[in-house]
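Listed below, chain by chain, are the residues.
2 protein chains.
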Amino acid sequence: MKPILLKNIILNGSLSDIFVCDGLISKISKAGQEVPAIDSGVEVMDCSGKTAFPGFINMHTHSAMAMMRGVQEDTALHDWLAKIWGMEAKITPDYIYWASKVAALEMIKTGTTTFYDQYWFSPTTRKAAMELGINPCVTYVVLDRHDKEAAAFQKDECEQYYEMSKSWKEDSAFGISIHAIYSVSEPMILWATEYARKRNLLIHIHVSETLKEVEDCKAAHGGLTPVEYLDRLGVLGPDVIAAHSLWLSDSDIQLLGERKVNCVHNVNSNLKLASGYMFKYQELSDAGVNICLGTDGSASSNNLDMLEAMKTSALLQKVWRNNPEAWPLEELAASATSNGAKALRLNTGVLEVGKRADILIVDTDNTFFLSPAPFLANFVYSAHSDCIDSVICGGRIVMKNRVVHGEKEILENARKIMNDLN
Amino acid sequence: MKPILLKNIILNGSLSDIFVCDGLISKISKAGQEVPAIDSGVEVMDCSGKTAFPGFINMHTHSAMAMMRGVQEDTALHDWLAKIWGMEAKITPDYIYWASKVAALEMIKTGTTTFYDQYWFSPTTRKAAMELGINPCVTYVVLDRHDKEAAAFQKDECEQYYEMSKSWKEDSAFGISIHAIYSVSEPMILWATEYARKRNLLIHIHVSETLKEVEDCKAAHGGLTPVEYLDRLGVLGPDVIAAHSLWLSDSDIQLLGERKVNCVHNVNSNLKLASGYMFKYQELSDAGVNICLGTDGSASSNNLDMLEAMKTSALLQKVWRNNPEAWPLEELAASATSNGAKALRLNTGVLEVGKRADILIVDTDNTFFLSPAPFLANFVYSAHSDCIDSVICGGRIVMKNRVVHGEKEILENARKIMNDLN
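Protein chains in written order, with our numbering: chain A, 1 to 422; chain B, 1 to 422.
These aren't lab readings, by the way, just hints derived from the structure by calculation. Incorrect hints may have been included.
Identical copies carry no separate label here, and so any pair may be met within one copy or between two of them.
Here are the simulated DSS-like pairs of lysine-lysine, each with C-alpha atoms no more than 30 Å apart in a straight line [said to hold, decoys possible]:
| no. | residue 1 | residue 2 |
| --- | --- | --- |
| 1 | Lys7 | Lys416 |
| 2 | Lys416 | Lys30 |
| 3 | Lys27 | Lys400 |
| 4 | Lys260 | Lys155 |
| 5 | Lys2 | Lys198 |
| 6 | Lys30 | Lys408 |
| 7 | Lys127 | Lys218 |
| 8 | Lys155 | Lys90 |
| 9 | Lys342 | Lys127 |
| 10 | Lys166 | Lys400 |
| 11 | Lys27 | Lys416 |
Chain A with its partners taken away, still in its complex shape (with noise of 0.2 Å):
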């Protein structure tokens, strides 16, 4: 791997200089003063006028999903389901190998260099994911529909993923999907919970999304909400990355806290699916609880815009609470960034020497950018994500000048195989 100096880039506000070497920052220093030795082997990027930022961390997605958008709005929610699910029925490797490859390529146009994703066929999503540059974090998904079949078949087909993801590299964490409480059985979220537990793997699952499920939850076990419920079978955990964490009771809030759980708010899918607007951030950030942000499947939202979720996420916290301090910007760039590595348990998320580096490099020489204000402000509330010129992900470049290496082939096979299975 070729180490890289980022030269003349702001960072933190001060004009520096960024060494890449090995896959880490390896040093920072104030522009111009330390010239390191550079030989031909370095890559040097002038960076002037450009401003760094930690990668974003999507942390909850259905990459592959990524070919679905579109295909039913408007509709209400089963319609919508109905029209998923035909597609899904038909899906093979080759469409989530190519699916795949779409969401990496327009995650790193739009800033995103971790994602933690749950959907069918995973080692092909981080395979696709990988080849492109971007860090999967990938996870088998449990969803037998309390169904004994499925229940056994899943069980084998985990332990097999779990075998192949043994041999992949440390950073990029493999962990165990339970769907949600009322997709999966209560024996199989029991079994998943251990599974995973046993092997230090991280669990996954969608909790409170829906009024629905909650009162559904509370009809089945005796007035438990989905969180009581869930902290009676013993699922919940500082290992837990639970999507949505929407529909929450002050009681669930605690709990949510206590066990140290990390919470991902997807507020774009809720919007749409008109899943509800009431994520409680203060009360969650209060009680401990690690908050990130996902965009959820591009077949919800309805795309993987890290940049745009943050926007969204901030808006509707500060219009619902009648607040417009609320959710400020710099806790909202951690739920964006620091705060998805900390629940994924990887060595990145700041820029900092010794952490991976994943970098965007940010052009600010546009209209967005044109006002006496801090950049964070006009990064989030102005522009878009094409802004970021360039991305740096684990100490590579994975996009040049808004240029990803093999985005046409993508684009081209993308269509073919998507035009195969309509």
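Given chain A's structure and the hints, the job is docking chain B onto it.
Using the frame of chain A, we list chain B on its own:
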């Protein structure tokens, strides 16, 4: 003005050739079927793989605030206003000129071809915008703060602006902005309304933006809402463009419909300033109100991107109505295009022969359009405005392959004047 031929462009799902002549769409034919005599004076654009869409009409903005965005974030309204007013006290026509250039540049790059503006020194904004080729509709702002001297001064100045506007071309509407009921005295509201109506000018006014405005109005005017109060004064009519219209009673909505008022929803501003989110789209639409979209000034929203405004408007409507079918795509598109043209009485907003040639050329060769979904679904919910490759406005090419003539100079001059101000 050079005629333009857009070859092989997708229009409403069909591969078409669009001919533009003398500022208008002069012919639309099936691609390749009829080839007109093309001499060297015709600019031929190969639009293979691209889709045509009407230029957006931003129906409420304060465009010269483009260099004030982000200066005070995550703070309550009064702190925000103090900062903005501090900056506004120092503005000059030179500042307005370059800030308006920045705004016009941003609007073109995000697909807006016409905007309805409310701000100081509006002839300067108009000049700056026209130099970039975008269609400005500007207003004289009446805002006397209940001060008689200010009112007398503004009556004179309004007359000067109106005289100036007589020489402006017919297709750029001039209007009178009555800022709001709390900032303009009753005699001045009456004067401005009569002044506008006698001259057949549009009237622009902020109406029921916040709950406080409604409650203050009720307290001051014997229980009348702002809508009822304005109706009692004889202000409401089809020539009125009412920004925000957020806090409305059922009878307000009926009244707005009966008077055929045009209402402008500015979702991002309403969210960010925590003004509210319960815009009653369906009720207003059912009552016969012409509903348009705007971005508001970029100090409060924080950009001029109509595609972003479309997406957020639809998402919010779906979630607060708990109905994923709310504000369907076709109606949303009309709110961002043809409804604005209707309110401004302009011959644009749809791509038909005889209409003003305000055309977006959208590049769909990217991940956002890679699904078997209708163009509009992916354009609004998935893509960003940077998929807009070229823009034709009033029959002129104002952006080609994402390049706007003079962009660099605008950014440089704007930076200079901004530094001078601070």
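Earlier hints that do not hold, by number: Of the numbered hints given earlier, those the structure breaks are 5, 7, 10, 11, listed in rising order.
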